[in-house]
Every structure is written in structure tokens, then in C-alpha cells.
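2 protein chains.
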Amino acid sequence: MSGLPDQAVECVPNVSEGRRADVIQQLCAVAAGVAGAYLLDVHSDPDHHRSVFTIVGSPAAVAEAVFRLGELAVLSIDMRAHRGVHPRIGALDVAPFVPLGQTTMNLCVGLAHALGRRIATELGTPVYFYGEAALGPERKSLADVRRGEYEGLLGTIGTDPSRAPDLGPASLGPAGATAVGARPPLVAFNMHLRSSDVNAAREIARAVRASSGGLPGVQALGLPTSRPGLVQVSINVTDLAETPLHIVAARVQAEAQRIGVELAESELVGLMPAESSLAAAAALLALPGIARTQIIESAYEDVARRAARQGEAPRP
Amino acid sequence: MSGLPDQAVECVPNVSEGRRADVIQQLCAVAAGVAGAYLLDVHSDPDHHRSVFTIVGSPAAVAEAVFRLGELAVLSIDMRAHRGVHPRIGALDVAPFVPLGQTTMNLCVGLAHALGRRIATELGTPVYFYGEAALGPERKSLADVRRGEYEGLLGTIGTDPSRAPDLGPASLGPAGATAVGARPPLVAFNMHLRSSDVNAAREIARAVRASSGGLPGVQALGLPTSRPGLVQVSINVTDLAETPLHIVAARVQAEAQRIGVELAESELVGLMPAESSLAAAAALLALPGIARTQIIESAYEDVARRAARQGEAPRP
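Those sequence lines, one after another, are chains A and B.
Residues 0 to 315 (numbering that gives the first Met the number 0) make up the first sequence, in order.
Residues 0 to 315 (numbering that gives the first Met the number 0) make up the second sequence, in order.
Everything labelled a hint here was simulated from the structure, so no lab data went into it.
In this text, a Cβ means the ideal position worked out from N, Cα and C, and glycines have one as well.
Which residues of chain A face chain B? A few of them, derived with a C-beta cut under 10 Å, are:
| hint | residue |
| --- | --- |
| 1 | GLY269 |
| 2 | LEU286 |
| 3 | THR292 |
| 4 | GLN293 |
| 5 | ALA303 |
So that you can see chain A by itself, here it is in the shape it has in the complex (with noise of 0.2 Å):
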């Protein structure tokens, strides 16, 4: 990853509105409106009602434009009235950060932090931290802090101990709660059958998830879809070292084999790193380990700033 500048972290804030154009179109306008932050994508899915965004630059500049988000999603969507196919438990739902290039996990661990302050205080929101940030081993993985959802939340947020935020109020207003963390790179995507029966879907993503027994670093859900006769099975990968996405979507392909659907086109939910994107090549192409260095844009980018880093003089 040597493309990057030395400083430079990735936040994926997920948010809980996938079908106003008006209000995503006005996040998207808060979420780049900070200098030296750029908005690199932006999924909105209606089913899922959700939002995903993904936002790189400066640490300062990423999680100053993570915060303005917040704040117009906490002010836009009530989380009463929210219905969608994927767990959530707040308007800004999560806000993880992710280091990109040189940058430590330490460092995303403090932005994290700082920002779940601000979130707290000055949205009013209850806060989780989650993953890396988080402040106890029992809120290391999302799902656990996600339990219930917003409907669960309301009724032991203020009374179950074990669900009580790490800061801002013991109470959820109708923006909700937000899970604020720090991560290594994952991706999502999300591949399709071609059935009507949410019960394949289901039934893949329990083979191929870590949780039942399938593949580490893998988590899975089977949902429905709004388009007819397709069902989704909705694909986090955490640990892309230690399973790389096309053997998650070989796992996806045997198993639909073997229950006899077929497979239609994925979608990729956010960006995906490089390092993916190139095992994926290599598996697919039988050449073991393609490197960045072997990509001729990527390593003539590395050659030609490495010299400029070092002034090079011309040679004789």
C-alpha cells in the first residue's frame, strides 16, 4: 500500500436511510464538505434502507466529516419509523475507521474514541465502541453490540447493565445509538440467487459464515431483495488474509451448486483494497502472488515517487 501518503485512514460510516434521494443527496453534500476528506463512494440500498459511505483523507479532515454527517442524519431520520432487512441500531448506525497506507491501528483506535466524545456530547447519542475501540471484549464484535436492534435497545438500554452505552445517555431518543470502532480493511458485498426463497440465501450464508462453522473472518446473512426472484446472501469479510474473497464467492458458488440455484451478478458495497482485487488475479490466472510491483501503473506510481522523495538529481 505504498501508493498512500504516510497519514491517511478510511471511515465507512453506515446510516440508516437508503431511500430519500433528498436526505442521502444532502449527507453525500455534508460528507464531502471538509477539505482534505473525499468521498469515494456512496451505496444506497432501499431494502437494506441504509447507506454506505466511504470517506478517506487526513485523520483530522475524515473524522470531521464523519462527525457533520452524524449530526444531519441524527437530525433527519427517526429511527421509529425505520424499516429495512439489515440489523441496525441507529440513525449514523457505525462509524468505523481503518488505516490506510502507513498508518497505525492505534491511531484509528483514537479517532474512534474522540469522535464517539463528540457524538456523545454533542449529538446526544449513545455511543458503543466496537472492534479494535472497543472498551471491553464483550463489545469487540459489532453483532453483539447490534443485538436486538433499535426495538431491543429501547426496552434495556436504561435497565440491563450489559447494554448500557459506553458514553452519552443510558436512553435512546428516535435517533437511536451509534457503534463507533476502529478495523482492519473488510469488504462487503452482497451475491445474488436467482430463487424466490430467502430460506437458500439463509441456508448459504450459514455454511459459509465463521459463526456456524464456515469460513473464518466471514459473516453472512441470507435476506430478501425488493427485485423479484432474487435473494441475497450479504457478505462481510474481516479477515481478507486469512480468507481472500474468491474463496468466499467459490464457497457461495459450491454451495449454490449443491442446492441447486443459480448464482446472479454481486454487488460490491463500498471500495474494495487493492490487495483483493490482485488475489483475485493471481487465483484466477494460476500465477502465484501477483505484487503491486508486477501492476505497471501501480509500480511506476511507487518508483516515481520514491525518486521524487529523494529530490533525485539527473545522472550523467
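Fit chain B to the given chain A structure using the hints.
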């Protein structure tokens, strides 16, 4: 390809020396010795008795580096004693220029013609222009230019008008002749078969290459290797838009299966464009058309570069 400077070219000179480590070392030093040109890769193959250099950078710097490499090749290689399994006509056998980023093919044609003039005049070597730099349709194809190889050209260059060089003497010295060209990006890779029978490799090469009715934009040869139990399908994909790499790999795999031989690991000769790696990943993950903008590192580089160009001022 927006990740590159506005004027950037690649040149991939192939030199008929793949065995003497000291000579290859000297060739590398010379090729890497021009400021603004970067030697990204050297692939030496003792069976081919050939080394492939990948040099990128500003047009003038790359042309100068290739000229110096050619000069040393002409001085240190004697084609009269050269034996290798890969077709060749000279010490500096071929030198194709490839446009990168926003660079035009016309610029590469100009570079090829200028380099050809220097090789003919300063090194006294016969020069043939091929590809987009060809002066007539009969020299478009490198295979036609190289027909009969060094040994065949010895007897015809001075007598057969159809084999007369475009520039330089109509006679062959110990350094042979050079084909200088311009072409779109090409990927060269070798797929290996677990077999001792070179005819297996030849049969598969025939099935996949365009000239015998296979895949458009694909050249392939079946070749022996010095490794026991391994033969090689040596492949050039010259039209990556028409036939992406993973289609070629799948076809070779299918043909190998059909005749009952097993594939071993492939090897890339030189580098591949980012586009090819993305296309393979897209195919494997059933993600239709992943773009550069969906790869975190590339997308970030692009927006950051654009912002730097515009001298972006902080927004309120």
C-alpha cells in the same frame, strides 16, 4: 489509468541474452541509469535465452535508456552462437513503445521512428518498424518481421527486397537486426503443463491462438522447458479488450482438461496493466466491471491528485 503523469510511456525491449548473469547485470545497470526512466522489471529466461526489460517514464528518458541498452546488447551478444527456443532476429531483438495514461499512440510511433534512426545510424544495425510504427501493412505483425529468424534473415536480407530493412544496412552483422515498434499494452505470460511432451503444449497453443482460429488478439506457442516434466504454452495477449486474460486462462485450462494434462503454475513475463487484474477479479467475484474507482488506494490517489492540481482551498 488516471494514476499516471500526463506523458508517460512504457518500453519493453527484449534482448537475446538470458543466461550470462554478468551481462544481464550490466544491461540492467545501463537501462536503469537514465534519470526519469525506471526499470520496473527484468524477466530472464535461460530456455528462451532472452531477457525482457520493462522500462517506464518520460518519453525522452525511456527512449534514451532503451538506446543505451541496445548499444550494450549489440556489443556483447553474438547471434551466430545464440540458441534459444524463442524466435529472435537480433541482440536487441524487439523494442516496442506503449502509451500509458494520457499519452497517445502517435507519440509512441514518433519515439519508435526516432529510436530506429539512432539504432541504424549509430549502431549500424538493420531496423524493421512493426506494429503501429510499421511503414507498410506487411510489417504490422512482428511474427512476419521475424519470419525465418536470424539464420533465415542472413541469406535474404541483402537479396530479397521483401526482407530489406526499413533503415540501416541490408546486411546482418553478429548483432543481427532489431524490430522497433509501437503497440497497445500487451500481456505476456507462460502457462505450464505437467507433461514431458511438447506436442501437448503445441496442441493447446494451436487451440487458443487467433492465427489458427482460436481467441482474437491471442498469440501462443508450445515450447519445451529445461525443467523435467514441464512444457510451456507461451502466450501474448495483444488485444486485452477483446480477449481478457482470464478468458485465455480458462480456455487453456479447458483444453488441458480435454487432452488430459494437468496445469502447473503460470508465470507473468514483465508486468500487467491494472485493468487486466481488475477484469480478472471482476470475473472471479461475479462483480460486473469493477473499476479503478472501486479500489480504495486507486480512488484515493485519483481524488487527492485532482485536488492537488486544482490547488484546492479549504472550504468553510
